[in-house]
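Participant: In terms of my numbering, the sequence shown opens at residue 56 and continues consecutively.
Possibly wrong hints are sitting among the right ones.
[Said to hold, decoys possible] Derived Cβ-Cβ restraints for the label pairs, each shown as a range:
#1 Leu107 with Glu145: 20 to 28 Å
#2 Leu70 with Glu143: 36 to 44 Å
#3 Ala58 with Glu131: 18 to 26 Å
These are computed hints drawn from the structure, not numbers from a lab. C-beta atoms are modelled at their ideal positions from N, C-alpha and C, and glycine is treated no differently.
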Amino acid sequence: MTAYAQLNADPEDLLAGHELSAGEGHKLLLCLGFLKQPHLLILDEPTNHLDLRSQAALAEVLAPYHEAQVIVSHDEGLLEAVCSIRWEVE
56 MTAYAQLNAD PEDLLAGHEL SAGEGHKLLL CLGFLKQPHL LILDEPTNHL DLRSQAALAE
116 VLAPYHEAQV IVSHDEGLLE AVCSIRWEVE
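Given these sequences and hints, build the entire structure.
Facilitator: If you want it as structure tokens, here you go:
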């Protein structure tokens, strides 16, 4: 629940059983994935369906992650915050 809250989501809404938006669902799936402590994250457009505050929160969560990440995104802010190597495909 702490990780979910860090991504600018309301754990109380989740616990109350309220229907999740697409962005809230993506946040929950990311949090559940982190519980398994993966050595590789593959994220396809992870900031889609997220508001600006949630996009910034996602960057803060991913930046210190020391395992491998493959992120496909058009979000320059996210890529600048979390990527050390970038491949651009046209």
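Participant: Against each hint, give a clear statement of whether it holds in the structure.
Facilitator: Going down the list of hints, with the structure as the test:
no.: 1; hint: Leu107 with Glu145: 20 to 28 Å; result: holds (27 Å)
no.: 2; hint: Leu70 with Glu143: 36 to 44 Å; result: holds (41 Å)
no.: 3; hint: Ala58 with Glu131: 18 to 26 Å; result: holds (25 Å)
No hint from the list above goes unmet by this structure.
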